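Generate coordinates for the entire structure from the input sequences, incorporating the hints supplied.
The lines below spell out each chain.
Protein chains: 2
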Amino acid sequence: MAQVSNKKVILKDYVSGFPKESDMNIVDSTITLKIPEGSNDVVLLKNLYLSCDPYMRTLMSDPENSINPRAYTPKSPIAGYGVSKVLESTHKDYKEGELVWGLTNWEEYSLIHAAQIHFKIEHTDVPLSYYTGILGMPGMTAYSGFFEVGSPKKGENVFVSAASGAVGQLVGQFAKLHGCYVVGSAGSKEKVDLLKNKFGYDEAINYKEEQDLDAALKRYFPDGIDIYFENVGGKTLDAVLLNMKIHGRIPVCGMISQYNLTQHEGVTNLAHLIYKRIRMQGFVVVDYYHLYAKFLEFVLPHIREGKVVYVEDIAEGLEKGPAALVGIFKGQNVGKQVLVVARE
Amino acid sequence: MAQVSNKKVILKDYVSGFPKESDMNIVDSTITLKIPEGSNDVVLLKNLYLSCDPYMRTLMSDPENSINPRAYTPKSPIAGYGVSKVLESTHKDYKEGELVWGLTNWEEYSLIHAAQIHFKIEHTDVPLSYYTGILGMPGMTAYSGFFEVGSPKKGENVFVSAASGAVGQLVGQFAKLHGCYVVGSAGSKEKVDLLKNKFGYDEAINYKEEQDLDAALKRYFPDGIDIYFENVGGKTLDAVLLNMKIHGRIPVCGMISQYNLTQHEGVTNLAHLIYKRIRMQGFVVVDYYHLYAKFLEFVLPHIREGKVVYVEDIAEGLEKGPAALVGIFKGQNVGKQVLVVARE
Chain A
1 MAQVSNKKVI LKDYVSGFPK ESDMNIVDST ITLKIPEGSN DVVLLKNLYL
51 SCDPYMRTLM SDPENSINPR AYTPKSPIAG YGVSKVLEST HKDYKEGELV
101 WGLTNWEEYS LIHAAQIHFK IEHTDVPLSY YTGILGMPGM TAYSGFFEVG
151 SPKKGENVFV SAASGAVGQL VGQFAKLHGC YVVGSAGSKE KVDLLKNKFG
201 YDEAINYKEE QDLDAALKRY FPDGIDIYFE NVGGKTLDAV LLNMKIHGRI
251 PVCGMISQYN LTQHEGVTNL AHLIYKRIRM QGFVVVDYYH LYAKFLEFVL
301 PHIREGKVVY VEDIAEGLEK GPAALVGIFK GQNVGKQVLV VARE
Chain B
1 MAQVSNKKVI LKDYVSGFPK ESDMNIVDST ITLKIPEGSN DVVLLKNLYL
51 SCDPYMRTLM SDPENSINPR AYTPKSPIAG YGVSKVLEST HKDYKEGELV
101 WGLTNWEEYS LIHAAQIHFK IEHTDVPLSY YTGILGMPGM TAYSGFFEVG
151 SPKKGENVFV SAASGAVGQL VGQFAKLHGC YVVGSAGSKE KVDLLKNKFG
201 YDEAINYKEE QDLDAALKRY FPDGIDIYFE NVGGKTLDAV LLNMKIHGRI
251 PVCGMISQYN LTQHEGVTNL AHLIYKRIRM QGFVVVDYYH LYAKFLEFVL
301 PHIREGKVVY VEDIAEGLEK GPAALVGIFK GQNVGKQVLV VARE
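Chains as they are written, first to last, in full-length UniProt numbering: chain A, 1 to 344; chain B, 1 to 344.
Hints in this document: simulated from the structure, not taken from any laboratory. Treat each hint with caution, since some may be false.
Heads up, the list lumps identical chains together, so a pair's fine if it works in one copy or across two of them.
What the hints assert, rightly or not - Using 35 Å as the maximum straight-line C-alpha spacing, the simulated DSBU-like pairs for lysine-lysine come out as follows:
1. LYS245 - LYS12
2. LYS330 - LYS92
3. LYS12 - LYS176
4. LYS75 - LYS218
5. LYS189 - LYS46
6. LYS245 - LYS20
7. LYS92 - LYS20
8. LYS208 - LYS235
9. LYS154 - LYS245
10. LYS320 - LYS189
11. LYS245 - LYS120
12. LYS75 - LYS245
13. LYS12 - LYS46
14. LYS20 - LYS208
15. LYS208 - LYS46
16. LYS218 - LYS12
17. LYS120 - LYS198
18. LYS330 - LYS307
As the structure is a prediction and not an experimental result, all values here were calculated from the model.
Structural data, given as structure tokens:
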């Protein structure tokens, strides 16, 4: 049986501090495009689109010193969400030629256990890459975090950090659709323009240009914040705690500002949780995938009618993977960072 | 009409940092024991037992720099929960000779609006002072915080800080009644002995003798903590976050370690909220007083049968008020700090 080339992105070793491109290697390898005899419930995939997500940083740390109990294995390919084509399958649910999204390895072809596939892709009138974003994990994260954890009511005041990112851009649009007043923060003029002109945020803050985030929040939320969709942690959270309304909610989706610090910043205003009766709640999207069909019913018509848009930042080729992944921790991406391995 | 003496405890000015006895004055005054003509819906009270509670510190701060939007008025008597006898009333619900508990001033006699009374005292086969503690605000705080906010399940692992205090001693006992494994922390050998031998805690930690609270928690909770009943904040919370179980809950009742600091300690481990899906929720007892009748039905039989006990630390005389109140921030009280103004 003929072998084909199978490039991989390898994690050299556990990372501490900011990840660098040189923490990863591109390795040439080969694979036989045939499932070995006797392998049950496995699927051979051709990977098309790979997703660059902040949580992947937590998998690069030594699990002894990580908020994530799981970790990548040094000297092995990193892994993450991706859109792939089934080349062969020994699992009854999947057939050759089908498109799927789920957890796959950063390589051209992957032989994975079928349980790593999350969903079959049924709707292909939208860009396939959307299944790494608005129609995949980030979309479900925004949907479950905002609606299920955030319990929003029409007319409430919503603040979103990392507001133009893979998740944030959707939280803002979902909140507007729900009749909320929404302000987002991001780290460049270009992103702030996107927030206001593309995603429909009522107001936008360039946090890098605000000397005093507390004062900026008081300017945009004179009556306070009902829901803070937390993506960043640290100083932003501290300023937000001073500006929350009574019975406010803080769905904690991520704390990207902290992932690369060996000593996390201290949050000093937690005592405000008490009198304000604030509910601050961490969540992980995997607990909500049972809502995926309901989510598609909600979001697909909005996409088709142009009422919800999605901005992607596309990197071409697996070799660009390390730079694309490292870039999201520097805020280099504008919108959802996608890595194209192959287009079909 | 004859006037009688009416001593008061006056707050001199807003306090910053640790409160001192000298932040308060005992002032001699007089009062006519007769409601002025034309005063509707007011009640003239003889104050019997006054409650010393940590939240009172938050009312001593300038509200500009406080977690509490309310504050005492400098040069006026401080106020708090108390048990009082009705001397006269122009409100239909209250009559001379009745006993009540609610918010009253730190003075011998108070003329207050009837809305400040929380409940009439119907059961007097238990010590009257209990209505400042187990049968009053702290009891309702423990009950609502543990059962309503904490959502405990039988067999879960519960950690309580300030565990021998007015609220903590009850949370521990309620958790044991509910079939939980319960560990408490307190700041002296005497308190630790109380936790184990009087309140039935499974284990107890003297936090002042632990070099490494994280290690101590790992020793007592090898499988992690399901519910942390938060009374102290700061370093304790940081160590707890490292030891919470998935889907853990942190009812935030108070953060006494922070109330006297002009710069609060930073909590660095909040990113653990995410993967552990922790719900951290501030609450205030006033939101739960509608459950008071249900609470009495639950707790009175336990008190009468000796299945729930309550330890009080009694200071005698209004003059002892400032020292008693300041003492709770130094951990001087053993059990609920009560101030007796008069016994009937």
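Requested in this report: Pop the pair LYS75 and LYS218 into one bin, within, between, both or neither, using alpha-carbon distances up to 35 Å.
Outcome: So LYS75 and LYS218 pass the 35 Å test across copies only (32 Å; inside, 48 Å).
Query raised in the report: Is it within, between, both, or neither for LYS330 and LYS307, if the alpha carbons may be no more than 35 Å apart?
Result: Intra 30 Å, inter 59 Å, cutoff 35 Å: intra-copy only.
Query - Within, between, both or neither, where LYS245 and LYS120 count as close if Cα-Cα is 35 Å or less - result: For LYS245 and LYS120, only the inter-copy Cα distance (33 Å) is at most 35 Å; the intra-copy one is 41 Å.
Query raised in the report: Is it within a copy, between copies, both, or neither that the alpha carbon of LYS92 lies no farther than 35 Å from that of LYS20?
Result: For LYS92 and LYS20, neither the intra-copy (41 Å) nor the inter-copy (74 Å) Cα distance is at most 35 Å.
Query raised in the report: 35 Å Cα cut-off: does LYS20 pair with LYS208 within a copy, between copies, both or neither?
Result: within (22 Å within a copy, 42 Å between copies)
**Report entry** Homomeric proximity label, LYS330 with LYS92: Cα distance no greater than 35 Å
**Finding:** So LYS330 and LYS92 fail the 35 Å test inside a copy (43 Å) and across (67 Å) alike.
Report task. State whether the alpha carbon distance between LYS245 and LYS12 is at most 35 Å within one copy, between copies, both, or neither. Result -> Between copies, since 31 Å is at most 35 Å while 46 Å is not.
Query raised in the report: How do LYS120 and LYS198 come out at 35 Å by Cα distance, when the copy is not named: within, between, both, or neither?
Result: The answer is within: 30 Å in one copy meets 35 Å, while 59 Å across copies does not.
Requested in this report: Indicate which option fits the pair LYS320, LYS189 if close means a Cα-Cα distance not exceeding 35 Å: within, between, both or neither.
Outcome: Cα proximity of LYS320 and LYS189: one copy only (25 Å, versus 61 Å across).
Query - Within, between, both or neither: LYS245, LYS20 at alpha-carbon 35 Å - result: between (40 Å within a copy, 32 Å between copies)
Query - 35 Å Cα threshold - placement of LYS46 relative to LYS12 - result: Only inside one copy: LYS12 and LYS46 sit 24 Å apart there, 75 Å across copies, limit 35 Å.
Query raised in the report: Between LYS154 and LYS245, at a C-alpha cutoff of 35 Å, which is it: within one copy, between copies, both, or neither?
Result: Close inside one copy (15 Å) and across copies (34 Å); limit 35 Å.
Consistency note: the structure conflicts with the earlier hints numbered 2, 3, 5, 7 and 15.
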